[in-house]
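*Asks:* Chains H and U, in that order, give the protein sequences.
-10 is the number of the first residue of the first sequence in this note's numbering; add one for each residue after it.
358 is the number of the first residue of the second sequence in this note's numbering; add one for each residue after it.
I should point out that these hints are in silico values taken from the structure, not numbers from a laboratory.
Everything numeric in this text was worked out from a predicted model, so none of it was measured.
Certain hints may be false.
Each computed BS3-like pair below joins lysine-lysine, with the alpha-carbon atoms no more than 30 angstroms apart [what the hints assert, rightly or not]:
(1) H:Lys52 / U:Lys398
(2) H:Lys326 / H:Lys57
(3) U:Lys608 / H:Lys197
(4) U:Lys562 / H:Lys55
(5) U:Lys398 / H:Lys55
(6) U:Lys608 / H:Lys194
(7) H:Lys324 / H:Lys57
(8) H:Lys116 / H:Lys197
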Amino acid sequence: MRKLLIAVVLMLLMAGGSSAADLINGAGATFPYPLYSKWAYEYAKKTGIKLNYQSIGSGGGIKQIKEKTVDFGASDAPLTAKELTEAGLFQFPMAIGGVVPVVNIKGISAGQIRLTPDVLADMFLGKVTRWNDKKIIDINPGVTLPDDKITVVHRSDGSGTTWIFANYLDKISKEWHDRAGFGTAVNWPAGVGGKGNEGVAAYVKRIKGSIGYVEYAYALQNKLTHAKLQNREKNFVDPSIESFSAAGASADWKNTPGFSVVLTDQPGKNSWPISGATFIIVRRQPEDCANAKAVLGFFDWAYSDGAGMARSLDYVPMPKNVSEIMEDAWTKEIKCKGQAVWKR
Amino acid sequence: MAFFERHKADKIGDAVFRGVSYFFAVLVVVLMLFIFAVLFKESLPSIRKFGLKFLTSAAWDPVQLEFGALPAIYGTIVSSIIAIVIAVPISLGIAIFLTEMAPKGLRGPIGTAIELLASIPSIIYGMWGLFVFAPFLSDHIEPWIIDHLGFIPIFNGAPLGIGMLPAGFILSIMIIPFISSVSREIFQMVPPIMKESGYGVGATKWEVIRKVVIPYTRSGLMGAVILGLGRALGETMAVTFVIGNSHEISKALLDPATSISATLANEFTEAVDPVYLSSLVELGLILFVITFIVLVFSKLLIGGFSYKGGRP
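Could you put together the complete structure from these sequences and hints?
*Replies:* Written out as structure tokens, the structure reads:
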């Protein structure tokens, strides 16, 4: 009995003491979780280095990296340059995604209905309340719209998806800015709340005349009816990997302090207006050099070899020019015991 | 001599047993006080910032950090009341049927089936509520309610299948097994001689149930109802799925609402700001206090109702 006990204790000690470079711990956003777990699986097969990612939500990820309980945090909303400096953190974008308005209107199929920023904002403000409102009919010539009540469906839980969507409404509508603003959760002027992308999707499928918003990959996999949206250049665009990339490519990463770029309402003829990057957050001065190197090694691999896997899961990988900017910044900014952790 | 030693050993055993029992009994109380203390301490930032206004304000703005508990308290209490109003008559009916009327062969299977209902995890009720019950409500029941009862403000609104009333329905289904199986146990404790004397003086079954069985078991039934109410007040996942999660107080029961536990389940993960987090903890504290008040109130009621023999 006693021997067994000692053996167990020893094993526990060994597990705890195994080199920190073989195991990377991360926590944060739920949106990129499928992508990170796919990468982790492939990377472990190739190198033996394991990645343990807990999708506890962006807020939790930021909290945990600040408290140093994980090696990296992940967030759908960028921290501001000020927040990063104060907490001694560094962030870089890992993938781009989009948020898509989805509808359930009698007789309307995917991409058939077109929305302008104003109309979208008015719906979510509870001001446009019927599908045959003149404002909607005017931008949809030739489409028969029913006299149904519009039911707005939003997320009930705090989420990065909400952050991106509300950030967009905040940019394009003064009234939204005054009444709700943006954040991972906001004070919704109208509608019902569903928990998670799946909750919103279920409500939209259920409720006739509803409009909600979900993350793109989710809309695609569940065959939800999306709406076309008018971007800054007055073009009506469909959500797609191409239109998200277009938004990402037009952003000025190099000159934005802290890479705190928000991809909503970006210029560009084909840009999808509600795009957003998902970020990785690491410590500027990690204490465990080997581990810090392993973390960056993983993301370096993800930028290059992981790009194809990202596309196959409907995520947009970072363009090569952006990932190069990021890796240069790693060398400059992340120092362990005074030495650069990453050298290209 | 041997007898004497044995006696001594028994005494020690008794003392140890008493000590252990005391320990666990006191532990429960200490744990409860501890939970209360932690909840109170964690909600201090919110209590300091909002004070008593927290209880009366309907604001819920995570961006401006303005919080009020009224919609959540309202939703918690109203959805539970709906559940009790629906569940109590049905549960009593089931319990009476099982103890007084059902053929012997049927009592076992039906009783077991009802107890099985109690052991289904609440998330299953939530999913069933969202994917099966809500569509049914919004297609068949709610349009009828709006057409025929819509002139009463509480029955007006849109037939979403999601909202306060559906949450109450789901809760009632969840608490029926509790109330009915406890009341069945209680009905079985009525001494046969009392019922037999009732029949002996020519009372009908209905009269025996109404005038003998129910008065005799009143305090126990009250306990059963409170048990159900307690479960309804704190129920989380099933309610989160169907209540609609909207921080608004609406007259119409068909409209979406929210409850304390649903708000906690929804918003805890992303509540980063200390005031936001603390407001959520204070909601938890309020739920704790509501449950406590209900319990105390029920103890008082049970005291008042207990059977004193003869005519009630």
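*Asks:* The structure should be examined with respect to each hint, and the outcome stated for every one.
*Replies:* Here's how the hints hold up against the structure:
no. : hint                : result
1   : H:Lys52 / U:Lys398  : 20 angstroms, holds
2   : H:Lys326 / H:Lys57  : 17 angstroms, holds
3   : U:Lys608 / H:Lys197 : 22 angstroms, holds
4   : U:Lys562 / H:Lys55  : 70 angstroms, violated
5   : U:Lys398 / H:Lys55  : 23 angstroms, holds
6   : U:Lys608 / H:Lys194 : 26 angstroms, holds
7   : H:Lys324 / H:Lys57  : 16 angstroms, holds
8   : H:Lys116 / H:Lys197 : 18 angstroms, holds
When each numbered hint is compared with the structure, a violation occurs for hint 4 only.
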